[in-house]
Each structure stands twice: as structure tokens, then as C-alpha cells.
Amino acid sequence: MRALREVSGRLDVERVRKDFPILRQEVHGKPLVYLDSAATSQKPRAVIEALDRYYEQDNANVHRGVHLLSERATQAYEAAREKVQRFVNAAHAHEVVFVRGTTEAINLVAQTFGRTRIRSGDEIVVTVMEHHSNIVPWQMLCEEKGAVLRVAPMDDEGTLLVDELERLVGPRTKLLALGHVSNALGTIHPVRRIVEMAHRRNVPVLLDGAQAVPHLAVDVQALGCDFYAFSGHKLFGPTGIGVLYGRSELLEEMPPWQGGGDMISSVTFEKTTWNRLPYKFEAGTPHIAGAIGLGAAIDYVRELGLDAIAAHEHDLLAYGTKALREVPGLRLIGTAKEKASVLSFALGDIHPHDIGTVLDREGIAIRTGHHCAQPLMRRLGVAATARASLAFYNRREDVDALVAGLHKVREVFA
Amino acid sequence: MKSELRDLYQEVVIDHSKNPRNFRKPEGANRSAEGMNPLCGDEITVHLKLAGDVIQDIGFQGAGCAISKASASMMTAALKNKTKADAEALFQRVHSMLTEGPKSKVNPEELGKLAALSGVWEFPVRVKCASLAWHTLRSALDGSHAPVSTE
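Chain order of the listed sequences is A and B.
Residue numbers for the first sequence follow this note's numbering, beginning at 308 and rising by one.
Residue numbers for the second sequence follow this note's numbering, beginning at -6 and rising by one.
So here's chain B without its partners, still in its complex pose (with noise of 0.2 angstroms):
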């Protein structure tokens, strides 16, 4: 396979796409939200059981491309205990390695298993796909009701 493909699908997106981590509502969720792509059709909707400023909680669900699921649930594994800022710093340190790539401060390998994610940018029209479920965590944390759009 081409290096850039293996770059965009490496075997942990595979992984994440095919077997969805915290691919539910969990009990007790408090906050959700929904997000869309409309240039593929994807949607997916972020639950959070939110305790004060804790995490304690999160799911998804939805359907979505492989890039769009294993970002779902590579975030939603990243995120179970931890903070609102902390979840809010994620959001900033994934967002600059999606879009600017080499260019980012942001050093891929400190993500753990986000660093999957670090061939996205090299596909300028999928990195959308990857941006979605965080944009629609984002969303759920404000407790905003508009669904989020990536157009």
C-alpha cells in the first residue's frame, strides 16, 4: 500500500472503526449533543455523564467513515475521568495536529493512541472527518443545542 494511505489507515483507525470503543449512551448521561458532515452524510451524536467539572463518562454514537469512527472513539477513550479544561487542551492539541500537520508544536507521539490520527492532514478533505466527534464533544461541553456542522 501507498505510504501516505498507511499513514491515514493505520491499524489502530482500523481497529477503533471496527470495534467502537464506548459505542452507547451511557447511563446516566446528562449532556449530548449532535454533529454532521453534510458532504458524506455522517452524524454522530456525543453523550457525556458529566459530575461538576469530571468526565465521568462519554459515548457515541452514529455512523460514520473509519476516520470519523476511530477519532469517536479514540476520543472518547482519552477523555473518561478527565476534566472539562483537560478535555478543552485535547480538543486544541488534536485540532492543530489535524490540520497543520508537520507544522504543529503539538509532538503526535505525547497523544498515545491519538497519534493515529497524525497522517489526517495529509488528506486535506478527510481531516473534517476526524475533526467531527470533537467538534460535537465540544458542543455536548457548552451545553449548546444547535447541532454541529462541519460546513
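If we strip away everything but chain A, and leave its shape as in the complex, we get (with noise of 0.2 angstroms):
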């Protein structure tokens, strides 16, 4: 294996980002600043191969072929939750389900777990800083059980209020559903004390990871968590493949979401039996590129080391903060102590739209809207922010970029 970090330990990132061809682009004549990985991440150049090489080498059906093919294609779409198994520590590589994204994880949490387990009059508790696809869900499994979903503020800096959180854990909460990492502030919630919390009151716990995995070691043991969600496309893989930890105990219990092939171990028209975990909750043929991919995008993060990550993307954000509250007129928004590798903002009372189009125009690629998580910019009275959100691959140059674009940003509107 190359070495991609120094003998410091520290990341090489203009090394790194030679495994990105991506972002060796110009747009509109300018070269591309990507400040967009919390949307979706680049992808490796490794991750791209794995995709290639499956289609021109392996590509078969899984799990039912006697040939060759099949059996290399099983063999790669199974090392990859393997893969998958290690990278979160799981207990057991049947506890990784893969599925189309964070999304369908939590939907099927929701479909399963949910309509088995929750009833009228029960609660589940989420927070404000949600991504929609932590609360769209709940809210339909409490619409149609007559459930109620409640809800755990934050302050102004955009950390969430444990103790306000505790006091909405009660009797009659049967799950509570949160995220580790805020997709439109960067909070880092102290998610393992949430656990603790809500599991001596016995409430299960759903983590959505979509925004942590990219950044920090996750272990879900020693989280504890029931349920850890998350997406291959912002962990560096490709679209359309996620994955849904869950506890063996849990998913043993919890109904198939979706019938259909592979996941049966027999059909008759008088009665059909599930398959074994994880298969039950995989119907119809699955995203083996996408599986092969997602392992391929664990690898290469492996080989950086998420300790050098973490430290590259420290620094950054350090060097973003200090450099954005210089621009006159900016206003950082979520400013919690613990945070990824975000910067959600404000600039006087230019509308969020307009910074996204004129730094476009500078090659620089930035979020901007209400992130998926409008009662969060109802919490925080607007109607969107703009948003650059940092990975390991990219540099202070990345940020004195968008400095530079938010000087002629307040030109044009001066």
C-alpha cells in the first residue's frame, strides 16, 4: 500500500487528491473548489476501479448461481459488508444490512421495528436539528399508530440540550431516533452518554451517521447503539448503497420490510418462511457494485486513517472559522464546541441562493437552501443558509477560495 500519510501521521493532502480525478477540473474557467462533501462526497479513484472491475470481470447475480461468476460476485458483495462489519465494529457481519441509503435505513426501522412495536399513545423522541429523513418517517409511523413525536431543543451555538433531551425520555417512549453528526450545523452529539441514558430507561437508540461516518471512528459496541444508520455516497462510495446496523436481537424480532427473492428460505402459496439475517431484510437483487464500491470507499479510508482525518479536518476547520468570522458582515451559524467539519453561515442579508451562484461562478461549490431540516431553520429564524462543509481532501487554499468569493460576493451586492 502507498503511504498516504507522512511518518508524522499527519495526512499528504496533495497526494490525496491525486486519488480524486474529479477535482482536477475547472468550472466556468476557474478550478473547482468543492465545499460540497456533506451533500455528497468525491470519489476515489480506487472506488471507481472496484466499480469497473466488478462490471467488466464479476458482474453476476448473487447468492444463487452455481457458476463462477455468480460465486465471485457473492464473494465480493459478502467481503464487503465484512468490510462494512469491521469499519463500524460490529458484532456480527449479519447485524450490516445493505440497503439504498440512510433514508431507506431509517424508513425501514421505521416500517419494522416501528409498526410491530410502537402503538397509540406511545412517543418517539427526535431532535430539532433532524435531517428530514429522521423525522418524515416517524411522523408517518405516528400518524398511522397515533403515536406522538417529540421533540429535544438545542441553544443558540446549535448544541443540543441533553438534559432538555433526558427529561422527554419518559415512560411511554418506545425509541428515540437522533443524529450523531448535524448535517446543517456540524454538531457532534455526545451520543454515547445519550445512549446510556435513554438504555436505563430501556429506549432503544437509532443513530442516524449519515454526517459521522465520513469524519470520526465509529464503534457502534461501544456506542451501544441499537440502530446505526448511514450512506455510502457521502463516505466516499458510490450513490444508491447505505446501511442499517442493527442489534442481532432486534433485527431477529422485526418482520421483513419488503417481500420478494433472496429474502425466503421457502415459498409455497400456503406459507412462506424468511431467510436468515441479514437476507430478510434484503428483497429483490440487491446494489452488488454498489456494496463492492462502499468497500472499496472503507479501504481507501482505512489506508488514511480516520485519526489523520479527524486531525486534517480539525485544522481545516479551525483555519475556516477563524478565516469566515473576518469577512465583514458573516455570521456563523452552529458554533457548538464539538463539531464537524462544517460551516453553515449567514452574509448580511444577501439571500443564500445568491452566494451559491456567484461562487459558482468562482468555481467554488457550496450548499445552500435549508439543508433538508426546515424546522431546524425555524428554530433558528431563517429561511436557509449557506453552507461549505470541509473533507480530508481539502486544504486551507480550498478556503482562502471561498474568502476570496465572498469578498465578490459583497461586491456585487455592495
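Some hints could be false.
Calculated pairs, SDA-like style, for lysine to any residue (alpha carbon to alpha carbon, straight line, at most 20 angstroms) [unchecked claim]:
#, chain 1, residue 1, chain 2, residue 2
1, A, K578, A, G567
2, B, K42, B, K11
3, B, K11, A, K578
4, B, K11, A, A721
5, B, K11, A, G567
6, A, K715, B, I7
7, B, K75, B, Q3
8, B, K11, A, G655
9, B, K11, A, G566
No lab work stands behind these hints, which were simulated from the structure alone.
Assembling the complex is the task here: the two chains are given apart, and the hints tell you how they should meet.
Here's what the structure looks like:
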């Protein structure tokens, strides 16, 4: 393996960038400055090549063919599952269910675990910082069952008020569902402590880890969570593949969600019996190439090392926070002490959409809007924010380009 | 500044976005409609005081980007004391200019101040911002109660 880390353990960002072909391009005649990794991350060549290799050499359906290609495809698909297992330190590979993404993972839990456990008058607790995908599936469930959604608040910096959250978790609470890292603000929640608190009250916890896995080492056993959901595409892997981790005992007792091939062990018109875990939850031909690509992404991230990634991003976040604060009229939104590399901001009364358009013409890609967190925007009293999100392939020059771009924005709207 | 950016953010546009005209609910307003752009969270309400077929007064309220605000502001300025048919005709011409750009048969110069929106077509994701007020106007004229969405 090539050394992507220097001896000191620091990330060699210029070498890392060479692994990302997409970063080597100009947009609107300017070098691309990609600051939208929280929306989706870019893919290293290793991932792109893994997809190519699969389709060029191994493509076949899994779990059924007797021929060599099917054997190879099955082997690669299951190897990817084991990579995920090691990546999040799940106790068993069969606790890793491949799904389309975080959204599907949460919907799966709502439709199986939720529908069998939640009854009228029960409560589900979320936080005000959730992404819509960790709100709407629970709202739909509450609507169906006559249950109640309770919302834990935050302070003005974007720090979750854990004491308030604790007060909401009571005898009627049947599930606590919260993000590990806020997508709009970058706040890292003290999830280990929160899981402990919930478990003391026998309340299971689902963690939405979509924004956490690209930045932090995640150990589901140490966290103690019951479910953990994340998407491949935010972890430098392909779109259309994601993971639901669930503790065996819970997955065993949950009914299947979708019916079809692969999720059965036998079918007659009188009675069908379900396949064992994890296949019970993987009806139909899965996204084989996606899983293999995700496995390659995990290999890549592990090679860099999440500690080196976290150190690099921490430095970048500190640099970016300071640099943005020096832009006249700029207000950072989300300034919690524990943060992942997300910089949400407002610039005077200039609408984020206008900021985004001007920056785009400077080659700078950021996200503008409500970040699929409209209740959070309401809490913040804004319709939208501008958000620059950083990954390990970003460098200080990218932050400098953003600052220069923001001065252009101020010029246009002076 | 780059020329396409200057085409989008013309001085007239910046002026109308900073000092929107008719940014109010007119007295005696008897029609209104809401419009929203889920992509960016923009929300606008267009109010009309309609007497027969004539728009006696028109105003708007809400929050939005520079393009959507300027477009709404210029729209209200252009439509006061115009008929419903005039409004519909102007809607068609503005819509054509926004979506077809130079291929449009509409000559922007004939649209007065609204010609300032002639650079929007170069920014496809911003066309929705510029047309939000116009779709909302149409809904208000129809007396429709369903909020307009650009999605």
C-alpha cells in the first residue's frame, strides 16, 4: 500500500487529491473548489476502479448461481459486508443490512420495528436538528399509530440540550432517534452518553450516522446503539448503497419489510418462511456493485486513517472558522464546541441562493438552502443558510478561495 | 465581475431586490395566493385588489433571493391598472424570455424594466426564482387556493 500519511501521521493532502480525478477540473474557467461534501462526497479512483472491475470481470447475480462469476460476485458482495462490519465494529456481519441509503435504513426501522412496537399514545423522541429523513418516517408512523413525536431542543449555538432531551425520555418513549452529527450545523452530539441515558430507561436508540462516518471513527458496540444508519455516497462510495446496522436480537424479532427474492427461505402458496439475517431485509437483487464500491471506499478511508482524517479536518475547520469570521457581515450559524467540518453561515442580508450563484461562477461549490432541515431553519429564524462542508481532500487554499469568493459576493451586492 | 454575473445581477435587479416596490398588502385586497420554492425555502404571497377585470392594486410579501424579490417587485410595478388579459399576456412573454433566452421571440426591450431579467436564462437553476412571483400571480388571478410550488 502506498503511504498516504507522512511519518508524522499527518495527511498528505496533495497526494490524496491525486486520487480524486474529479477534483482536477475547471468549472466556469476556474479550478474547482468542492465544498459540498456533506451533500455528497467525491470518489477516489480506487472506488471507481472497483466498480469497473466488478462490471468488467465479475458481474453476476449473487446467492444463487452455481457458476464461477456468481461465486465471485457473491464473495465480493459478502466481503464488502464484512468490511462494513469491521469499519463500525459490529459484533456480526449479519447485523449489517445493505439498503439504498440512510433514508431507506430509517424507513426500514420505522416500518418494521416501529410498526410492531409503537402503539397509540406511545412517544418517539427526536431532536430539532434532524434531517427530514429522521423526522418524516417517524411522523408517518405516529400518524398511523396515534403516537406522538417529541422534539428535544438546542441552544443558540446549535448544542443539543441533553438535559432537556433526558426530560423528554419517559415511560411512554418507545424509541429515541437522533443524528450523530448535524448535517446543517456540524454539531457532534454526545451520543454515547445519550444512549446510556436512554438504555437506563429501556428505550432503544437509532443513530443517523450519515454525517458522522466520513469524519469520525464509529464503534457501534462502544456506542451501544441499537440501530446505526449511514449512506455510502457521503463516505466516498457510490450513490444508491447504504447500511443499516441493527443489533441481532432486534433484527431477529423484526418482520421483513419488502417481500421478494433473496429474503425467503422457502415459498409455497400456503406459507412462506423468511430467510435468515441479513437477507430477510434484502429483498430483490441488491446493489452488488454499490456494496463492492462502498467496501473499496472503506478500504481507502482506513488506509488514510480516521485519526489522520480527523486531525486534518480539525485543523481545516479551525482555519476556516477564523477566516470566515473575518469576512465583514458574516455570521457563522452553528458554533457548538464539538463540531465536524461544516461551516454554515449568513452574509449580511444577502440570500444564500445568491451567494451560491456568485461562488459557483468562481468555481466554488457550496450548498445553499434549508439542508432538508426545515424545522431547524425555523428554530434558527432563517429561511436558508449557505453551507461549506469540508472533507479530507480539502486544504487551506480552498478556504482562502471561499473567502475571496465571499468578498466578490459582497462586491456584487454592495 | 464576470459578464454573465453582471447579466444576472443587473443594477435594476439589485435595486429592486434591496428596495422592493409594492412590498405590502394593498388596502382592499380581495385576492391572494402563496407561492414557494422548496429548493431554497423562498416564500411569497401576491395580493391583488381586483375590480372586475382590472388589477387596481397589487403587492407582495415574503422572503426570497435577490432574483425572486426583484422579479416580484418589477411585476407589481408593471401590472398596476392592467387587465387580467394584460397580465396573462405579460406572463407569457416573461416566461418565454426566462426559459428560452435568445431563442425567444420576445424582444426584452419591449418589456421595459423587466428586460433586466433577460440574463436569468443563462442560470437554469435560477429561472424558478424569477418565475415564482409570476406563477403565484396567476394563481391569485385564478382564485386558486392551492399554494404554488416551483417543484
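With a cut-off of 20 angstroms on the C-alpha distance, tell me whether B/K11 and A/G566 pass. 56 angstroms, violated
Is B/K11 close enough to A/A721, meaning Cα to Cα at most 20 angstroms? Satisfied, since the Cα-Cα distance of roughly 10 angstroms is no more than 20 angstroms.
So if I understand the rule, the pair passes when the alpha-carbon distance is 20 angstroms or less; does B/K75 with B/Q3 pass? Status violated; Cα separation ~26 angstroms.
Does A/G567 sit within 20 angstroms of B/K11, going by the straight-line distance between their CA atoms? 57 angstroms, violated
Between B/K42 and B/K11, is the straight-line Cα distance small enough, at 20 angstroms or below? Not OK: B/K42 and B/K11 at ~25 angstroms, beyond 20 angstroms, violated.
Regarding the pair B/K11 and A/G655, is the alpha-carbon distance no greater than 20 angstroms? At roughly 12 angstroms apart (the allowed maximum being 20 angstroms), A/G655 and B/K11 satisfy the hint.
For a C-alpha distance cap of 20 angstroms, please report whether A/K578 and A/G567 respect it. Satisfied, since the Cα-Cα distance of roughly 14 angstroms is no more than 20 angstroms.
Take a quick look at whether A/K715 and B/I7 sit within 20 angstroms of each other, Cα to Cα. 15 angstroms, holds
Can the restraint linking B/K11 and A/K578 be considered satisfied, given a maximum Cα separation of 20 angstroms? This hinted pair is violated, its Cα atoms lying about 68 angstroms apart.
Hint violations for this structure: numbers 2, 3, 5, 7 and 9, all remaining hints satisfied.
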